[in-house]
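Here are the chains, one letter per residue:
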Amino acid sequence: METEINTGATGVIDFLESANLKTKRETFDPFTTPESIFRAILYGSALCMVVLLFSVFLTLLIWSLPSIKEFGLRFLVSKTWDPVAGEFGALPFLIGTLITSFLALVISIPFSLSLSIYLGEYAAEGVVPSFLRSAVELLAGVPSVIYGFWGLFILVPVVRAVEVKLGVTPYGVGIATSSLILAVMIIPYSASLGREVLQLVPAELKEAAYSLGATRFEVIRRVILPYVVSGVTAGNILALGRAVGETMAVTMVIGNSNVIPQSIFAPANTMASVIANEFTEATSTLYVSSLVEIGLLLFMVTMIINILGKQIIKKMSVQV
Amino acid sequence: MKKLLCCAVLALLMLPAYSPCPARAESKELLGAGATFPYPLYSKMFDTYYQAYAVKINYQAIGSGGGIQQLISKTVDFGGTDAFMSEREIKKAEVPILHIPTCLGAVVVTYNLPEKPKLKFTPDVIAGIFLGNITRWDDPRIAAVNPDVKLPGMGILVVHRSDGSGTTFIFSDYLTKVSKDWAFKVGADKSLNWPVGLGAKGNPGVAGLINQTPGAIGYVELIYTTQNNMPAGIIKNKAGNFIEPNIKSTSAAANVDMPDDTRISLTDTAAADGYPISGFTWLIFYKEQKYADRSKEKADELIKLLWWVLHEGQQIAEPMHYAPIPKSAVTKGEQILQSVVYNGVPLLKK
Amino acid sequence: MQRDKFLFRLLKDRLFKTAVSIFSFCSILPLVFILFYITKNGIAVINWQFLTQLPKPVGESGGGISNAIVGTLMLLVVACTLAVPLGISAGIYLAEHKTGKLSYLVRLCVEILHGIPSIVIGIIAYVWIVKPLRTFSAFSGGIALAIMMLPVIVRTAEETLKLIPETLKEASLALGVPYYKTILKVVVPAGLSGLVTGIILSIARVAGETAPLLFTAFGNPFMNLNLFKPVNSLPLLVFNYAASPYPEWHGLAWGASLVLVVFVLLLNFFAKFMTKKWKVRF
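Protein chains in written order, with the working numbering: chain A, 11 to 330; chain B, 697 to 1046; chain C, 480 to 761.
Any given hint could turn out to be false.
Heads up, simulated EDC-like pairs for lysine to aspartate or glutamate below, C-alpha to C-alpha not over 20 Å straight-line [claimed, not checked]:
id, chain 1, residue 1, chain 2, residue 2
1, B, Lys752, C, Glu539
2, C, Lys648, A, Glu131
3, B, Lys986, B, Glu725
4, A, Lys320, C, Glu590
Pairwise CB distance ranges (calculated) [as the list claims (entries may be wrong)]:
id, chain 1, residue 1, chain 2, residue 2, range
5, C, Leu642, A, Gly82, 34 to 40 Å
6, A, Glu97, C, Leu671, 55 to 61 Å
7, C, His576, A, Glu97, 48 to 54 Å
8, C, Lys491, A, Ala171, 33 to 39 Å
9, B, Ser769, A, Pro212, 55 to 61 Å
Just so you know, these hints were derived from the structure itself, not from any lab. Heads up, the beta-carbon is just placed ideally off N, CA and C, and yes, glycines get one too.
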């Protein structure tokens, strides 16, 4: 037996067999019950994810059918949302969502970019940067309804005071306020994604520039930023996706008006907030169906934005 | 350690088994949803009922539209609405739905102006403001009705409901009767295509927003203005008198003949001292209480609650600034409750 | 001339650094403001009564948020029971099958699920659970939250398990341990800190969600332990009370906000602490 042990894998297995222990071969029998059950569970759970997504999509589609049949593409361009007449058009909400999300993105870019650059280049280690990093993560953790609540009581009076100075109707609530709060909410997302892409820049590239005598600003401006521009764009696209779907904070400060807003200080409604406001009481099938169709649009818009963003980031990491 | 964790998780999972199983728990709880108009009153009524009979009534104020929709979906035991269901809506439900009035309320026009002046309004002025034709407080049309008030040069901010509301229905029903322009452009319903203004959720939302926005104007149930010290507009009624909204004028508006099913609109009342924007609010429920898997105990509890609301509950109305329903309405309500059946058998044996 | 040019470049560099620092620190100003106001207004309201009593009817002072706290906990328990086993299994599958058509599809689906707005998930839970069961319930709310937790759990499980060296798994298999035991007793425990962190983070994400609860859990002025009845929750309470005109309710909303924010922040801190302290080093 001593000689057999030294003859490699088969030797070991024979040794174990003869010692009457369970061997690898036995337990690989595909019909062994605990084994196959386990693999089936894993497979099933993974499959569940796919099934879940498709069920969500199908449910939204089926419930939107009455509205799709009735309005067709007119739904996307009609600006009348009239439950009395049974006439539903989603344009005011599409515009509301578009304006608030883009405005939020524009406002947030200088801040999130600064955060990424500061934490990525200037202060990567240390007490203050890690405090900053934690603070930004906490910003992402604050629930949406709390942002809305705070916005309603603290931000709205401020905006109202500004509107009074500007001579505009001092609603306080409206597109401007929602965009501000949305901007604060999406800063953490674009900042963390920005930091990740910044780390992908090869050190040799930076060092080469420094060794040629460039200042930090010049390295950032001419070497790093051009390199990561697609990654940062992707990060912002993903942040946009987050802003588009945001419901509670927006519902509380947007003014809930179903008309196309005339100025950035006017009240409006987004796709998400109109569903939140009107879903429980939609009394006719067409009304419910129209709201679900808006939900379907929201689903597809966020899906496209997310896939687009992720693709760009993947391409960037592959490049490296 | 792991075993302990597993046991703890299993125990937590068993939690639903500890709580009384659904069939038994049903009888001591009722779920309602709907109008925000009477919410302060219902909140007090149901609390009193709970103290007396240990039956929990969970009423969520999601708006009259929501109350009707959830009753039709059979997700609640009863609904609350200030807009009685139209023939078309009842037909949609396929089975008979009954209404009993629970109280009278006044929809007041409230506003936020410095120094809180007491303002008078005529139907035309109200329609003009909410249609967006009158946009400043110092507009000559408002000044004409209020000659002795110094009106500020502020813009008017209209606030309306963002959810499906019976309060909106009563208000727009009134405007449809008094303004041809409004009837043509907007109409009367729980959710409207508002020409101007901000939306807020529920009566509380509208009151809250007006309270915080100088120059705002909107419509809410009377109690929301008394509770929050907000002014209520004095409105010219059909008889030509300027009436202040209060319990007396609201009750006066109800001095009309009631139909048997109690579905009647009281707006633009002919009564000389009646407040023109008054309305009933109703609780709605199914006539045949055996549907889905409702037990007889549940149906009994519901009927007991409704009977109580019609009688003992009425005493809570006045202290809460709602007007109790007139005797004729109580009688009609009793008749309606006596027609409610479970599997064909009347629930009330009187 | 050269020197001037150089000084100019240095100036630009300094200016840029200042600008970037200012913008960075300004980004967290809102957090400071929010925490400040919530603490200031919330602390005034919180006392033992606040945490243990039920809300009072409209217009009466006093009352508390005990039913909301219990409701939130109930919803989280239901959501975890559903999401954790499913999520971790799917995560294990993805970590074990790094390539493959199904893996690619599953990863894509998980990404998309993660991005679905919470209000759409509320619609789904309403259609799937509330309508058929004919009642609003904690159960339906829990399901909505579970759907939102799943992508986070799956992703962190996959990331964590991918980091565990193959050699550990291979050694176990080589010793004759069955595959399922290897995964459950060797691989998963090795990555336990990461998995638990993922679970905690997903809880933190859904604890403050309101939108999916609007048409599922519905709200309840009473205490309710029955899974199949409507239940109140902290975010719902804040939403309803914030928009009301009653100052007493505003006070309750500030207090509830403070409780909610403290809860979520504690979860986040705990998750970070766990990652640092209990990480198994290879």
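Exercise. Has the given pair, Lys986(B) with Glu725(B), been kept, meaning a C-alpha gap of at most 20 Å?
Worked result: Status holds; Cα separation ~17 Å.
For this session: Indicate whether the distance between the beta carbons of Ser769(B) and Pro212(A) respects the range 55 to 61 Å.
Result: Given about 60 Å between the Cβ atoms, the range holds.
For this session: With respect to the beta-carbon atoms only, verify the hint that Leu642(C) and Gly82(A) lie 34 to 40 Å apart.
Result: violated, 50 Å
Problem set entry | Straight-line alpha-carbon gap Lys320(A) to Glu590(C), limit 20 Å | holds, 9 Å
For this session: For His576(C) and Glu97(A), compare the CB-CB distance with the range 48 to 54 Å and indicate the outcome.
Result: holds, 51 Å
For this session: May I ask you to test the hint 55 to 61 Å on the CB atoms belonging to Glu97(A) and Leu671(C)?
Result: Holds, at about 57 Å.
Problem set entry | Range hint compliance [Cβ, Lys491(C) to Ala171(A), 33 to 39 Å] | At 37 Å between Cβs, range holds.
Exercise. Between Lys752(B) and Glu539(C), does the CA-CA distance stay at or below 20 Å?
Worked result: Holds, at roughly 19 Å.
Exercise. Does Glu131(A) lie within 20 Å of Lys648(C) when you go C-alpha to C-alpha?
Worked result: violated, 38 Å
The structure fails hints 2 and 5 (numbered hints given earlier, in ascending order).
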